[in-house]
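Could you slot chain W onto chain R? The hints should help.
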Amino acid sequence: MAAAGPAATDLEVVRGKRAALFFATVVIVLGLPLWWKTTETYRAPLPYSEISGLNSLKLRLMVPVTVVFTQESVPLDDQEKLPFTVVHEREIPLKYKLKIKCRFQKAYRRALDHEEAALSLGNIQEAETMLAEPSEQAEGSLTVYVISERSSLLPQDMMSYIGPKRMAVVRGIMHREAFNIIGRRIIQVAQAMSLTEDVLAAALADHLPEDKWSSDKRRPLKSSLGYEITFSLLNPDPKSHDVHWDIEGAVRRHVQPFLGALSAAGNFSVDSQILYYAMLGVNPRFDSASSSYYLAAHSLPHVINPVESRLGSSAASLYPVLNFLLYVPELAHSPLYIQDKDGAPVATNAFHSPRWGGIMVYNVDPKAYNGSQLPVSIEVDMVRVMEVFLAQLRLLFGIAQPQLPPKCLFLGPKSEGIMTWELDRLLWARSVENLATATTTLTSLAQLLGKISNIVIKDDVASEVYRAVAAVQKAAEELSSGHLASAFAASREAVTSSERAFFDPSLLHLLYFPDDQKFAIYIPLFLPMAVPILLSLFKIFLETRKSWKKPEKID
Amino acid sequence: LLLFLFGTSLLFHFFSHIVLMLADDMACNPRNPKPATVYSHKNMELNVYGDDVEVDYRSYEVTVENFLRVLTGRIPSSTPRSKRLLSDDRSNILIYMTGHGGNGFLKFQDSEEITNIELADAFEQMWQKRRYNELLFIIDTCQGASMYERFYSPNIMALASSQVGEDSLSHQPDPAVGVHLMDRYTFYVLEFLEEINPASQTNMNDLFQVCPKSLCVSTPGHRTDLFQRDPKNVLITDFFGSVRKVEITTETISLQPDSGVMESRYSS
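Residue numbers (full-length UniProt numbering), protein chains in the order written: chain R, 1 to 555; chain W, 1 to 268.
The shape of chain R in the complex, shown without the other chains (with noise of 0.2 Å):
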């Protein structure tokens, strides 16, 4: 009986021993892991080298430029040589991390029959009709003609043209550098109808470190997939004006092939409004010399932001608002007129917001007033209007006055308003915007993420960023074989990606806690567990380490 105490108590002593090496073990084997595992965020990988490798992305832009020489344009021996491509590639020198080069490749053929035929016409607008393809010429794309140096097709002192629909004409020279001196001017009439430094340099306004205080500088509207136009009305006295405008009329006369001309660049919708006793917040002074009422160029900047709240826009909808206002003054105030910096009277009596819109004030005619009784009732004169609105239209889109080369015959735009090689340099300028944006902003989303370790990355979000990337690299090649159209598409959708990414709701940091916080929820639940199995593991290894001991003594 007394040895079976003690070899009971040993028997327990051991299996006491057993059960805390087997709690201890399942707690650091099983339990440890399964903590960690189910604690942690889940972050789903995410292309981490592609998006910084994107940063180093070298841009090709390129123009596929198709010369068409017809015969007494060149001498003999160089007509002899054609066809064959000319390359003309040259860096665009901006202070912006991606390298930007452009590239013209000019394809050189002889003129066809039906070709020689309209360019040996009198007249450059009958020539252009022949020579109009029946399939529209490629996004991007230009062709140009080369006519003899006596040609009467363009007057006599014009050196080349440029036409509404990509196409130019240029005039040949016979002589022995024929081709450098012609490859010349083609590139000149080429930029101006396609890429020169300004364009880009606008496009990427907002990504190059230039001084931002600098003012006058013009910023294009952002590049978007739509936008909303609103044209509104206001008439702060109807109790004197009875105005009517056709606006519907207008809008499908002037203002929708204009936007179908545009239609590539984005989805545009079109609204109008009336508004009564909406007020200019700047009161107009009065100047005896010419009695009319004047706004001075420097209260300009404050009409804006009050008559803002009163305009509304559609709940729905979150594309950018353009909003183009008609400000007809009241009795009191009228005939009011806009002066610029030098007090002289605006002939448009219009002025506009970068990324805003414009405002054009429209006087009444005095004689309206004749012996009619209040309120007089007033039609307003669309054409004049749209005119003002159509152009400010252009500028805020970014579409300027192209530099033209010296000696250029250039009528301007046809019924819409908008050329297509201005199109294409729009199309050029966006996509590279868009390129530009979307690397923004997966860099951003990046560091962000490497950043701030606590925000979950779901499977979307990745997915989102994945294909972002795959399209900026498609839009690169795009660009680098010259399908503007093709492009343009990809880095819509790299910048629409990115952006779904990046802003997605899900990537909130809410799992922030500081450590007290941290500590404070898990003691109370590990530390009852922890305590008797670490106590156990010390005793069984302070016994283990005596009974090593245990057996020196002895010897």
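Just so you know, these hints were derived from the structure itself, not from any lab.
On a predicted model such as this, the values are computed, not experimentally measured, just so you know.
Incorrect hints may have been included.
Stated by the list, open to error - No more than 30 Å apart at the CA atoms, straight line, and that leaves these computed lysine-lysine pairs for DSSO-like:
(1) R/K99 / W/K129
(2) W/K107 / R/K222
(3) R/K474 / W/K129
(4) R/K341 / W/K232
(5) W/K107 / R/K451
(6) R/K95 / W/K107
(7) W/K129 / R/K451
(8) W/K245 / R/K518
(9) R/K341 / W/K245
(10) W/K129 / R/K458
(11) W/K129 / R/K101
(12) R/K58 / W/K129
(13) W/K83 / R/K458
Stated by the list, open to error - What follows is a set of in silico ranges between Cβ atoms, one per label pair, in the way DEER data are often shown:
(14) W/N197 / R/R355: 22 to 30 Å
(15) W/K232 / R/D515: 35 to 43 Å
(16) W/S254 / R/E149: 29 to 37 Å
(17) W/E247 / R/Q273: 23 to 31 Å
Every residue, glycine too, gets a C-beta built ideally from N, C-alpha and C.
Below, chain W without anything else, positioned relative to chain R:
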């Protein structure tokens, strides 16, 4: 602009776009003896709850999560325009917060807090996406200066009503209403701003002098090291004004009604 003790509010971009978050509705509270008004002083001179106040986030919608969503733009796509911060890289933003606070936090709704670290991270996310050009942060709570200690993004200027360890006090009670109407710092800032007109040349250094210790009892603080420009060159109207960049339109296109192809020229 709002009462001491109650709610949190944000006022962005005076006159251009304002997102207002009010956790408690004092003006329309059934116990307000002067309904639909919030006066800055018991003499009832200035009603700060005027006709054009539009509350975008009210009562239970005012949470830390919604506030951070508005700032960072990570908003569900169903949110209407008026509840979004529609700023871009050229926008100057003013953020004004008031309520109960402590060292490093501001209380929302009696149940949650926003810490200065979360706020600093939110501003950094705004900066990464270029959602602001310059940001002015004004906070009126106890120990308000602790809230701007952790900012690390550029172009932020911050003002607080009291230093760490100090309490911000309220101005005066109105016995008719039964509560204190406004905090001291807010009262004096409001008085200062009422004097500003669009042509004013007052700069930020003048704003820093508002409400000295003799009037406010607490010591207002400010932080300008993240701001690129010198505060004495920053006009108050940059944030509180309604100035826009404009250009005179000198070009027109020629249109002719209803005739087909026409000759057009640029006229300048």
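Here's how the hints hold up against the structure:
no.: 1; hint: R/K99 / W/K129; in the structure: 22 Å, holds
no.: 2; hint: W/K107 / R/K222; in the structure: 38 Å, violated
no.: 3; hint: R/K474 / W/K129; in the structure: 24 Å, holds
no.: 4; hint: R/K341 / W/K232; in the structure: 28 Å, holds
no.: 5; hint: W/K107 / R/K451; in the structure: 26 Å, holds
no.: 6; hint: R/K95 / W/K107; in the structure: 45 Å, violated
no.: 7; hint: W/K129 / R/K451; in the structure: 15 Å, holds
no.: 8; hint: W/K245 / R/K518; in the structure: 50 Å, violated
no.: 9; hint: R/K341 / W/K245; in the structure: 14 Å, holds
no.: 10; hint: W/K129 / R/K458; in the structure: 20 Å, holds
no.: 11; hint: W/K129 / R/K101; in the structure: 27 Å, holds
no.: 12; hint: R/K58 / W/K129; in the structure: 23 Å, holds
no.: 13; hint: W/K83 / R/K458; in the structure: 26 Å, holds
no.: 14; hint: W/N197 / R/R355: 22 to 30 Å; in the structure: 26 Å, holds
no.: 15; hint: W/K232 / R/D515: 35 to 43 Å; in the structure: 41 Å, holds
no.: 16; hint: W/S254 / R/E149: 29 to 37 Å; in the structure: 33 Å, holds
no.: 17; hint: W/E247 / R/Q273: 23 to 31 Å; in the structure: 24 Å, holds
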